[in-house]
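Sequences and hints are given; from them, build the entire structure.
These are the residues of each chain, in order.
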Amino acid sequence: MTTSPVYDIIIIISANRGKNGFSARLYGGIMKKQKYTAFGNVAYIIKDIYKNNTGLFVFLVLSALCQSAQALIAVCLPKAAVDTASAGTSPGEAAAVIGGFTLALMLVNALASLAGERIDGAYYDLRMLYLRRIVVKSMRQSYSRLESEEGQTCYWKARDVALSGSLCGVLNNTLTGVVGLLNFTTFSAIIARLNPLIMLLLAAQSAVTFVFMKRGSRIWEAVRADRAKANKQKFVLAEAGADPKNGKDVRLYGMRELFVGKLRSLAYWSMKMYSKQRSGYVQQHLVDMAMYFIRDAAAYAYLIYRAADGSVAAGDFVLYFGAITAFSGWTDSIIWRIDVLRRNFFDVSYFRDFMEYEDPAIENPEHISEDCPTIEFKNVSFSYDGKTDVLKDFNLTVSPGEHIALIGRNGAGKSTAVKLLCGFYAPTAGSVKIGGAEASRVPEEERFAKISAVFQDLCILPHTVAENVSMRSEGETDMEKAADSLEKAGIGRLKAELSRPMTRAVRDDGIELSGGEGQKLMMARAIYKDAPILILDEPTAALDPIAESETYQSFHELSAGKTAVYISHRLAGTRFCDRIVFLKDGSAAEIGTHEELMALDGGYAEMFRLQSHYYNEGAKGGDEA
Amino acid sequence: MKGLKNAFKALRIIAGLDKWLLPLMAVNVACKNVAPYIDTVLGAWILDGLLNGLGLRRMLPVILGALGLRLLLRACAELAEQVQWERDGLVHDLYLTKRGEKNLAMDYAELTSPAVNALRDRINQDDMYGWGISSVADYFQKLLGSLASIAAALAIVVPLIRMGGAAAAYLAVTAAAITASAAVNGYFSKKTQELIDSYEHSRSHSSYYLWGNAVDYKIGKDIRVFGAQPLIERAINADEGERAGRRRYLRCCDKRGLFNGTFGGALQGTSYIYVVVSAAKGLLSAGEVMKLAEALYFFWGSLQELLTAVAQLLQAANRLSDTLDFLALPEAVGGRPAPEPADGAEIEFKNVSFAYPSGKRALDNVSCKISRGERLAIVGPNGSGKTTFIKLLCRLYRPDSGEILLNGVNVWEYDFGSYIRLLSVVFQDFGLFPLTLGENVAASESRDDGRAAKALETAGFGERLASLPNGLDTPLYKSYDDSGVDVSGGEAQKIALARALYKDAPFMVLDEPTAALDPVAEYEIYSRFNGFVQGKGAIYISHRLSSCVFCDRILVFDGGKIVQSGPHAALLAEDGLYARLWNAQAQYYK
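Going down the list, the sequences are from chains A and B.
According to this note's numbering, the residues represented by the first sequence are 1 to 625, in order.
According to this note's numbering, the residues represented by the second sequence are 1001 to 1590, in order.
None of these hints come from the bench; they were simulated from the model.
It should be emphasised that the depicted structure is a prediction, and the values quoted were computed from it without experimental measurement.
Cβ atoms here follow ideal geometry from the backbone N, Cα and C, with glycine treated the same way.
Be aware that a few hints might be false.
Pulled from the structure, derived: some chain A residues nowhere near chain B, Cβ distances all over 12 Å [said to hold, decoys possible]: (1) A38; (2) L72; (3) I191; (4) N195; (5) A204; (6) P360; (7) C372; (8) S399; (9) G401; (10) K481; (11) S499; (12) I591.
Only part of the chain B face toward chain A is listed, based on derived beta-carbon distances under 7 Å [claimed, not checked]: (13) L1094; (14) K1281; (15) H1543.
Pasting the structure below:
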C-alpha cells in the first residue's frame, strides 16, 4: 500500500469540513491579485523545505539523474541487442555487453526507486508538518479573525493547498521539469545526428498538443466550481445522515427515502459534471493518438528510406525510432509541468496569506490596574457586518464585586456584550473598559488572566478529566484543586476519575457526559481558574429544577468577591444578582434591582410575569390558564 | 478462502450498483495493455524486412495497417476509460449511499451499539487507508490487465519456449525468482502496514485536532480564555513514539525500493541477455532479438504484476469483511399496519423495564396509560429515565421485559413505518439536516407549502421565514450551499417544532422543546401548542415545570420508576418529589 489513497480521502474530507470549507475549493481559475511573486513563492517554499529536510535535495538530484539515465538506457539497450545480433558477436561477448547494461540497469533502477521512496516519504512528512503549522496558527490567531468569514476562507484555502500537495508540488514539478529538460537535450542530440529538421516537426506536434491541453484545462477549470459544489453537498448530506445523533429523527420522520434519493441524484449529477469536466482532455488524448499515428508512420517511412541507401544501420534504426517516439513525451511533459507549476505558485500564495497574517498589533497597550476590576461599557455600538448594529449605544458600569444579570430576548445582544467584554472584538464605537483599560487593548494574556467564563457551547476535549478542568497538562495541574472544583460545581463523581480520558473521540473508555453534567464541568473549569471576573452564559438550560436551584446557591458562593455577569433565560437566577440589565435591541433599556424593575413595569416585568405566570397560578391551586 | 469469497461479493455489489463499470474496466485495460505489443511486433518485422531487402512500398501497407490497429485499440481504451472513470465515481458515491442507507435502515438500538460503533470505526479507518470496495475493483482491473498482457506476450515468446533445453532452465529459474520476489513484496506490504498501524491511528489526539476540525470557532472562546493552546499544541505535535515508528516505516520503504529497483533491472537485463545469447548461437534474426527481448521482459513484468494483483486483491478483499458485515446487518422488517387510533385510543406501558447496552438500567417496571385527547407531563431529575421512556415509546429500543401496547396490541407487531406515523416527536437533541427549510419541515421532497408555512408560523418562525428571499426553498446551513442560511439554537428548535406540527400525528411528544428559547418565545409557543394539540395525545417533558400546570396528568420519574402520578394540584399537595421540584423552581417566582 502506498500512502497516496489516504490523502485522496483525507483531502476530500478536510476540504469538505467547516463553515467555509469548500469555498477553498472554488478558487480554481480565478486568481486574485497577487501580493507575492512567483519567484518569491518558489524561494519561500524551497527555503522552507531546505530548512526542514536538507537531505531531500540530495535525493531530488539523484532522482533526476537516474530518471534521465533510465530513459537513455531504454533506447540504447535495444540498439545494443540488435547490434550484437547483426554483427555476429560470440555468445560470450554478447552476454558481456548486455551484462554491462544489466548491471547499469540494476544500479540506476535501485537508486531511482530508493530516491522515489525517500521523496514520497519526505512529501508526506512535509504535508503533515504544514497541516500542523496551520492548525496551530489558527489556534494562535485572534478570535475575531478565527470567526470572521475572511479568516475562515483563508484557513480552509491554506489547509486545502497544504493537503493537496501543491506546496511540495513546487519541488516535485520542478524536478519533473528538469528531468524533461535533461532528456530533451539528450534526445535532441541523438535525433540531430539523423536529421535536425525532424525536431521541428516534433515541436509542431507538441504545439498542437499544447493548444488542446490548454483547452482541456480551461474546460476543467470552468466546471470545477460546480463539481466542487456537488462534492461538498454529497459529503455534508452523507455526514448528516451517518451521524448517529440524527438517527432518531431520520426514523421518526421517515426521512430515509428523502436522504437516499437526494444522495443518488447528487451522485448522478456529479457524474455528468465529471464527464463534462474531463471532456477536453479526452479530445486532447484522441488528437494525440491520431498524431502519433502520423508521426510513427512517417518516422518508419523515413528510417526505411534512409536504411535503404545504407546510411542507417539496423541498430541505429532501433535507436532513432526509440528516440523519435520518446522525444514528444518529454516535450509534452515540460509543457504540462509549466502549466501545473503556474498553479502551484498561486497555491503557495494561499498558504503564505494564512501563515503570514498577523493580527493588528495593539497600539499603546493598556493595563488593568485593580485586582478586582471595574467593568465599564460606555456608548458601545457594535456590528459584525458593518450594516446592522447588534449593540447600540450600550451603557453599563459594573463595580468590583458586583453581580449583574443580562436579560433579554434571543438576539437582543447579550452574548455579543460578553464577547466584547472578553476583548474578542473591539467595539465599533464607544469603549469597553476593564479596570480602566480598554479591553481590546489589553494584551491577551493579561486580559484572560482576569476572566473566567462558562459559554453556551460545551467545550470538552479528549483529554483527562483533570486536564479538562485546568486546561493544562496534568503535570501543571493542581489535582487537589481540580477535585475541589468538581465538587463545588456539583459533579463530585468525577473526582475519583481525574486521570481518565473524556469523550469517545480518542478512547473507547472515555467518559461521556450528559448535557447537564457537561455544563457542570464547564463550571468546574471556571471555578478552578478562580479569576476576578466570572461570566456565565446560560449555565442552567439543561439542568433539572433541583440542580438548577443548587447552581444558583453555589453561584452565590462562587462569585463572592468576584465581579460576575450572568446571562439566562431562566429569570429565577437573576434574583441572586445585585442588578439586572434588560437589553432591548442592543441597548440597556432597563437597569435596576429585581424589585425596581418590577416596579418600573417595563419589558423585564412583562417577561418575568410571563415566566412566573404558571408558577403563581399553579401555586394558587392549579387552575388552567 | 474468505478473501476470495469477499472479492466475489464485492464484485457482485459493484455490478449491482452499476452494470457497466466492470465490463468497461475489462475493455479499457485489455485494449490498453495489448496495444504496446503492436509496436514490438511491427518494429521487428520492419527490421527484418530491411535486412531481407523489402522496399518501403511493400512495407507501407503493413505499417499503416498495424499503426491503424494500434490507434483503434488506444482510442477504444481512451473512450472506455472516460466512461469507466465517470462510472467509477458514480459507483463510489452509490456505494457510500448504500452504506449510509444502512445507518438509516438498521435498528436504532444497533445504530449506537458498541459493536456497530466499533465496526463503523474500523470501516472509517479502512477508508482512510484507501481500502474498501473501490480498491477491490482497482486490483481486479490490474489482474485482468496483467492477464491480457501475459496472453499477448506469450503469443510472441512461444518460439523461445519451443527452443527446449536452456530455455526451459532459464524460464524455470526466472519464474522461481519472480515467485520469490512476490513473496518478498508480500512481506514488505505486511511489514509496512504493520508499521503504519503501530504509529498512526485515525483516533489519536493529533488526528482529532488535525482532521476533525476540532479547533473551530465554537470552542475557540474556551481555548483562548482558559489558555489551552499549549495543551492542544502538544497533542498536535506527534510524540516521540510516533516519530520513531515513522522512521522505522521509512527505513522499511528504503529496503523495498532498493529491492524492487534491483530486481526490476536484473529482470530486464537478463531477458535481453538470454535473447542475445540465443541470437549469437545463430538461432534468431535481428528483428526477432528486438521483439523477443522486449516481449520477454513484458511477459515477466506482467507475471509479476499478476502475482501482486492477486495478493493485493485478496488483501483488499480480506479487509472488506467489516464492510460486508456492516451491509449485512439486519434491517427493520414489516408487520401489520397500525390503525389510525380513534379518539380515546390508548398506549399502555405494562411492566416495562429496560437497560442500555452499556448496562445502565434506565427504566424499572414502568406501567402507565396514555390516551388520545389527554395532555401528559413527564418530570423528574436529570437521568431519571424520562427520555428513555419516550425512546421506547418510539420503538427506538425494545423493552427488556414487559410490553408496550397500542389498542391492546404489542407495538412491535406493527409495521414500523405505519406505527411511527402516529407519533410527532421533538427530542432535545433533535437533528436538522442540510436540506431546504421546506424539506426539513415536510421531511420529504414533496410537500404542501401552505401547511409547511403554517407550521413554521405556529412554531414562532414566521417572521424569519418572511425575511428569507427564497422562503421554504432556502437551504439550511452555509456549509451546504452558499445561498444557505445558518440558524441560531433557538431558531433550530422552532424548525424542529414545525416539523412535528407538519407531521400532525395523533400523538405529540415534546422533550425539552424550549430550552434555548427566551421566556416570551416560550410562552407564545406553549400557548399556540395548547390549541394545536386539542383532541390529540400530548406528552411534554420539561425542566420548566410551569408547563405541567395545564396538563391533565403528570408522571414523576425518579431512578427509572414512576414515583408519582396525578394532576398538578393533587401532586403538589402530596409533599413528594414533585412538590420538591416545583418549589425549588417556584420559590424564585413569588
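Going down the list of hints, with the structure as the test:
For A38/A, the non-interface assignment is confirmed: its Cβ lies about 29 Å from the closest Cβ of chain B, beyond the 12 Å cut-off. With a closest Cβ-Cβ approach of about 14 Å to chain B, L72/A is found to remain outside the 12 Å limit, as its non-interface label requires. Here I191/A stays apart from chain B, with its beta-carbon at least about 17 Å from theirs, past the 12 Å limit. A cut-off of 12 Å between C-beta atoms confirms that N195/A is not in contact with chain B; the least separation is 17 Å.
With a least CB separation of 19 Å from chain B, A204/A remains clear of the 12 Å interface cut-off, as annotated. P360/A, annotated as away from the interface, keeps every beta carbon of chain B farther than 12 Å; the closest lies near 17 Å. Look at C372/A: its CB is around 18 Å from the nearest CB on chain B, clear of 12 Å, so calling it non-interface holds up. Taking the minimum C-beta to C-beta distance to chain B, about 22 Å, the non-interface status of S399/A holds against the 12 Å cut.
Separation of G401/A from chain B is adequate, the least Cβ-Cβ distance of about 21 Å exceeding the 12 Å criterion. For K481/A, the requirement that its beta carbon stay farther than 12 Å from each beta carbon of chain B is met, with the minimum near 14 Å. Every C-beta of chain B lies more than 12 Å from that of S499/A, the closest at about 15 Å, which supports listing it as non-interface. The beta carbon of I591/A is kept farther than 12 Å from every beta carbon of chain B, the shortest such distance being approximately 19 Å.
Checking L1094/B against chain A: minimum C-beta separation of about 6 Å stays under 7 Å; hint holds. Below 7 Å, beta-carbon pairs count as interface contacts, and K1281/B has one with chain A at about 6 Å; its hint therefore holds. Hint status for H1543/B: holds, given a least beta-carbon distance of 5 Å to chain A, under 7 Å.
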